[in-house]
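Using the sequences and the hints given, assemble the complete structure.
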Amino acid sequence: MDTLSGGLVRSHCVGTTAVVYASDYLNKLSGEKIEHECRRHLNCGCRALVIDFSDTKLVNSIGISILLGIIDVAEKSGAQIVFSDVNNQTVQLFEMLGLTRHVALAKDEREALLNLSHFETTTPVVH
Amino acid sequence: MEPSTQKLIHTFGALADLGQEIAGPGDFTEMVRTSMHLLLGTLALRRGAVVECSGPGPLRCVAIWGLGDSALNGFGIDEAEMESFLGGDICESLVRNTSSANVFLTKYRDKLAGEEIELVVPMIVRGEVTGLVLLGGKASGEEFSSDDFETIRAMVRHIGVGIHTHRLLEQLAQRAEENRRLYDELRTIYRDTVKAFAAAIDIKDKYTQGHSERVGRYSEIIARELGWSEEEVEGIQIAGYLHDIGKLIVDRDIINAPYKIDAKNSSELNRHPNAGYEILAPIRHPYADIPLMAKHHHERLDGRGYPDGLTDQQIPMGAKIVSLADSFDAMTTDRPYKRRRSFEDVVVDLRENSGKQFDGKVVAAFARALLKEVKGETRERRITKMLGKTYLEGDQVATLLTDLISDLESDYSRHEAKAQTL
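Top line first, the protein sequences correspond to chains A and B. Following the numbering used here, the numbering of the first sequence begins with 1 at its first residue and continues without gaps. Following the numbering used here, the numbering of the second sequence begins with 1 at its first residue and continues without gaps.
No lab work stands behind these hints, which were simulated from the structure alone. Wrong hints could be hidden among the right ones.
To be verified - Straight line, CA to CA, 27 angstroms or less: simulated DSS-like cross-link-like pairs of lysine-lysine: (1) 76(A) x 107(A); (2) 375(B) x 389(B); (3) 76(A) x 111(B); (4) 356(B) x 418(B); (5) 57(A) x 7(B); (6) 138(B) x 57(A); (7) 385(B) x 338(B); (8) 361(B) x 385(B); (9) 33(A) x 57(A); (10) 385(B) x 107(A); (11) 7(B) x 204(B); (12) 195(B) x 375(B); (13) 372(B) x 356(B); (14) 138(B) x 76(A); (15) 7(B) x 33(A); (16) 260(B) x 356(B); (17) 356(B) x 338(B); (18) 204(B) x 138(B); (19) 372(B) x 389(B); (20) 260(B) x 33(A); (21) 418(B) x 389(B); (22) 204(B) x 338(B); (23) 338(B) x 260(B); (24) 7(B) x 107(A).
Printed below as a string of structure tokens:
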């Protein structure tokens, strides 16, 4: 079931993977909420993160910096991270800036979860 | 879209956001933090910090990202290290540049490298190093390019100016606050001095000790009830304290005469309002018209007062308030030749003399303030306290005041209607 947390950031868990939905414009305000939500899931024991960009039209510089922070936190926790449903323009931006060296991209959430399926455990995450 | 075009758009967007952030009215730390994020996000850097230095000494971390909270503990800068940042090329700021002449980098190279910081860029404002921006960890894994250096230089300059401007504004606000505090202190000193004067005036008259202070308090209460501003209320209180200052030049025997004084002595005593004006006029009071209130506190609406025989509209409102406060205190305190009057008598006197000696609006305001106390509608019972515990005992007090207010208000309405007809 989806939950709304930290001021309207939608997320849900599939096994030990958390799926967090980015808003239409990833800037300071929305970026910090996503970061908070990702940290919350990682602290609860999630072993992988999917950030879904299906609603995201634009990512600005602060958004990039915050995404790099999330990548850092995920790496330090030993968690995998996948960006799904990223539009072409944003994919180009991520590639140009080198974010794609640290995260995998997936066509959509389903593909992202499939890619991460080997990280699944049978123990459900308690939130 | 060409990657170079996209990079340009991304950088321009960041510069525009940075300009807005720096010019905005937001919180200082938040401004620096956001500015740092904009810089990191422009080049996709994973680590960064902004530290301030207001001279040689320890560096103060204002914003940090991707580094441990204690990563910059123990960093400081001295005069020579600050100097070494001035005029150097940005390549001199690269941590791995072992041939750099920068003495700060030489000193901290290992520590910086340990934290994976690759570049230390000074914020220079008006030829002075005001802080440093520490950067590292390009997400692309590439080296910094000359374009990157240009972007960093421009953005760090913006951040430096932003920090400098915020600090200047903070200093200004601090000075304004300090001035306000000094002004408040001066006002307190002024008020205390005036109170001391009031006590000195009253000491001369052994029968009316505390009179000036009570007149000040009554005046303040009336003015507040009339809806005067806080500044005006403070002013009228001071006028009340000083209204009898002219008595300092009147012979002590006349003031303390244990009988009703004769015409000659009365005329001597009646000099005190003008004398008070002469004493107070040369002083630059922080409140308006204090000398005039002292001069005219014995004027009457019917023109039979002194020193100038002014009538209703000619008498300043402040003087009307002080006049009522003065008379009320005279009626409600014991004098050498007569005991104080009962409250019922006082109310009758106020009613009879409203429109002749006193302004009915001022009397009504005083009566309303007292009625609120009697009914327990006020937190403090200041008038009651000055009159003494037993003075206002009895159920008829509230009725007397209610009737007085009602009479004065209908007089006032009649007067207004008449004025409109004319």
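Now the hints, each set against the structure:
{"no.": "1", "hint": "76(A) x 107(A)", "result": "holds, 26 angstroms"}
{"no.": "2", "hint": "375(B) x 389(B)", "result": "holds, 15 angstroms"}
{"no.": "3", "hint": "76(A) x 111(B)", "result": "holds, 21 angstroms"}
{"no.": "4", "hint": "356(B) x 418(B)", "result": "holds, 17 angstroms"}
{"no.": "5", "hint": "57(A) x 7(B)", "result": "holds, 17 angstroms"}
{"no.": "6", "hint": "138(B) x 57(A)", "result": "holds, 24 angstroms"}
{"no.": "7", "hint": "385(B) x 338(B)", "result": "holds, 22 angstroms"}
{"no.": "8", "hint": "361(B) x 385(B)", "result": "holds, 24 angstroms"}
{"no.": "9", "hint": "33(A) x 57(A)", "result": "holds, 17 angstroms"}
{"no.": "10", "hint": "385(B) x 107(A)", "result": "violated, 82 angstroms"}
{"no.": "11", "hint": "7(B) x 204(B)", "result": "violated, 87 angstroms"}
{"no.": "12", "hint": "195(B) x 375(B)", "result": "violated, 30 angstroms"}
{"no.": "13", "hint": "372(B) x 356(B)", "result": "holds, 26 angstroms"}
{"no.": "14", "hint": "138(B) x 76(A)", "result": "holds, 17 angstroms"}
{"no.": "15", "hint": "7(B) x 33(A)", "result": "holds, 26 angstroms"}
{"no.": "16", "hint": "260(B) x 356(B)", "result": "holds, 23 angstroms"}
{"no.": "17", "hint": "356(B) x 338(B)", "result": "holds, 24 angstroms"}
{"no.": "18", "hint": "204(B) x 138(B)", "result": "violated, 85 angstroms"}
{"no.": "19", "hint": "372(B) x 389(B)", "result": "holds, 16 angstroms"}
{"no.": "20", "hint": "260(B) x 33(A)", "result": "violated, 84 angstroms"}
{"no.": "21", "hint": "418(B) x 389(B)", "result": "violated, 42 angstroms"}
{"no.": "22", "hint": "204(B) x 338(B)", "result": "holds, 19 angstroms"}
{"no.": "23", "hint": "338(B) x 260(B)", "result": "holds, 9 angstroms"}
{"no.": "24", "hint": "7(B) x 107(A)", "result": "holds, 24 angstroms"}
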